[in-house]
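Asks: Produce the entire structure from the sequences given, and follow the hints as far as they go.
The listed protein sequences derive, respectively, from chains F and X. Heads up, the first sequence is in my numbering, so the first residue is 933 and it goes up one at a time. Heads up, the second sequence is in my numbering, so the first residue is -8 and it goes up one at a time.
If you're looking for bench data, these hints aren't it; they were derived computationally from the structure. Treat the numbers as computed from the prediction; the structure is a model and nothing was measured. C-beta: ideal position from N, C-alpha, C; glycine also. Everything hinted at is true.
FRET-style restraints, in silico, Cβ to Cβ:
1. X:N(-4) / F:Q988: 41 to 49 Å
2. F:S1091 / X:T88: 42 to 50 Å
3. F:D986 / X:S231: 48 to 56 Å
4. F:A1042 / X:Q269: 23 to 31 Å
5. X:N290 / F:C1094: 49 to 57 Å
6. X:R119 / F:C1094: 34 to 42 Å
7. F:S1091 / X:E372: 26 to 34 Å
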Amino acid sequence: MWCGIDIGAATAKLVLLENTVVAGIIIPSGFDTVKTAEELVEHGLEKAGILRKDIQCIVATGYGRRMVPMADRTVTEITCHARGAHYLDNEVRTIIDIGGQDSKGISLDATGKVTDFVMNDKCAAGTGRFLEVMARALEVELGELGTLSLKCEEKVAISSTCTVFAESEVISYKNQGKKKEDIIAGVHEAIASRIYAMVHQIPIQEKIMVTGGVALNRGMVRALERKMEKEVEIPGDPQIVGALGAALLGRESQSIKKGSFS
Amino acid sequence: MKKLNSYENLKKLVGSHYMQAKTAHFFNQKIGWVSSGAPVEVLRPFDIVTVYPENHASICGAAKQGSELCEAAEAEGFSRDLCSYFRCDRGSTLLGTSPIGGLPRPDFLYGCNNICGTILKWYEIASRHFDVPFLFVDTPFVHTTMTDHAVEYVAAQLEEIVPYLESLTGREFDEQKFTETLELSKTCVELWKKTLQFGAHKPSPLTCFDAFTQMAAIVSLRGTQEAVTHYKTLNEELESRIQKGIAAVDNEKIRLLWDNIPVWYAMRGLSELFENHQACLVADTYTNAWASAALDTGNPMESLARNYLEIYLNISMDLMLERIIALIHQFDVDGMVMHSNRSCKPYSLGQYDLARCIKEETGIPVVIIEADMVDSRTYAEEQARTRIEAFLESLG
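Replies: Quick look at the structure:
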C-alpha cells in the first residue's frame, strides 16, 4: 500500500493506493501540521482496515510537506497534481488547480511530465480564500455559491482584483439591493478572469482538468469555461488529486528504485 | 557549497578598500561615489578613492539590514516602489549606519545612466544632501546597433570630465597613469571573463553564488593592481579544482543559468536549495555584465565609450536575448532561473517575454521567482522554494 499526504493551506488530504484508490480522506489543515498528518494517517488506516506497517512508502506534498515527520520523501504539489491528473486521464494536457490559498496552471506532455507551470504570487485573488471572504460577506455557505450563481439573472461586474477591495464592492452591491445570485455570479467571473490571465502564460491545451476544492463549485467552473471558451474536466474527487499523485510517485519510485519525479 | 579559499582573500580586499575609503580624507584624498556602470578608469589617474553605493547596498542586503534601511528612506517620503539600492543608500545616509558604519562623505558623485535612470535622481538627491557636484555621463540606449554619434557623444563627455577632475584634485591628468589604469582594467576584465568561463566545465568548479561574491572586485576595484592579483589567485584556485576534479556542487546533475541581480539576503538558503537537488547555477547574466570587450588603450575615450554603452542593461530586449542564448549554449545549461526583481525595473521588465522567447528558440525551460535584491519584505521564501523545487523536479 502506498500513501500520499497533501497538506494544503485550507485542507489536508490523504490517499491510500493499492491497485486503485483504497481510501481518500479530507480534513481541515489545523494549526499543528504534525498532528494533522497523524490524524490523516489514523483515519486512512481505519478506513482501509490496514495497519501502519502495511504502508510501504509515504510521500508528502503541499505547503506543509516538510512538516510531515512520517514522510519518506517530499515532492511539490505541482509534480503531484500532474502525476495524479495524468493517472486519472492520460489525455489531460493542462491542469488548473484552485486551492485554498493558491491557484496554478500546469502544462504536461503525453507522458504526464510537467513542461511548464505558473502560480499566483502574494495575492489571494483567484483562490478559494477569495470565495470564502465573499461567501461570508454575502452570508451564504461556501458550498451554496455554485448553485446560487447558476440562478443569476443579471451578473454584476466586480472590477477590483484585490480581495479586500472586491469585498468592498460586494458590500456596496449588497447595499444597492442587488440580488445575491447576481453578485455571486460576478464574483465567479472576477476569479475566472484572474485565473485565465495567469494560466494564459502557459499553453492552454485540451484536455483541461480543474482540480482543488474550488472545482466543486459548479458556477465557478462554468465561469472559467466561458472565459476560456473551452470545456474542462472535473475529476470525481478534485481535492485529492495532489495526494493521489504523491501516492503514485511513491509507488513508482519504489518499483523503479531510482525514480524520476515526473 | 564548498567555500573557495579566495573568499578570505576577497574579504580582506573589500575590507581594506572600505578602510582606505574611511581614512581617505585624513590623507587628503578625494572621495567619489561611483555608479556600477560608470567609466571609473578616468578617475584612477587622479588617485581618487572610489566607493560604490550599489556595492555598499548589497553588503547591507547580505547582512540583512536592507529592509530596515529602506524603511528609513520610506519614512522620509520615498516610495517603496523605488529601487532598494537607492532606498538602502538613502537610509544609510540618514541613519549613518550600515555593516561598515555607512559610506564616507563624498567630495563628488560620478554616475552613468547605462544601468538605469534612477541613478540620475538618486545622485541628484545625494548631491543636494552633501552639497557636492554630480558628474553625469549620459549613455544613449542601444536599440539595435551602437551608433558612431552615440560613441562620440559619450567620449566627448569623458573628455570634458578631465579638466574638472584636475581642478578638484589639483593634479594634472597623467597620461601615463591613465594608460596603466586602462591596461589594468583590461587585464582585470580578461581575468574575470576567464573566472566565469570556468563555469562551462562539467562539473563546474564554481556557482553563480561564488561569482556574486567574487564580483565585488571587478565592480569596485576595476583598474587597480589589487583586483588583478586577486583574480589571478582565484583563477589558479579554480584551475586546481578542475585538475583535482572538485565540483562546486557534488554530483552535478542539473546545470542552470541565473538572470538578474542576486537576492542578497537569501543567498545561503537559495544556494543550499539548489545544491540539495544537485543543481548548479553555472552562469548568470549579471556578473557577465562586467565581462566586456577588450579596451583599446590606443584610443581610450572611444573605447571606454563603446564598452560602457553596450553593457547589459543599456541594450534592447532583442540584444539581451541574443546574449542569453549565447550563454545558454556556451555553458550548456538545462534550464534558466529568472529573478523578477521588484526594485530593478530595467532588469526585470520584459522577463516574461524573454522567458517565452528563450523557450521558443532554445527549448530551455524557465522559472521566474519574485523577490528583491535587498528588500526582504518582498520575498516569500516558501513560495519561491515551491517554484524552484517544482522546476527542478520537472528537469530531473
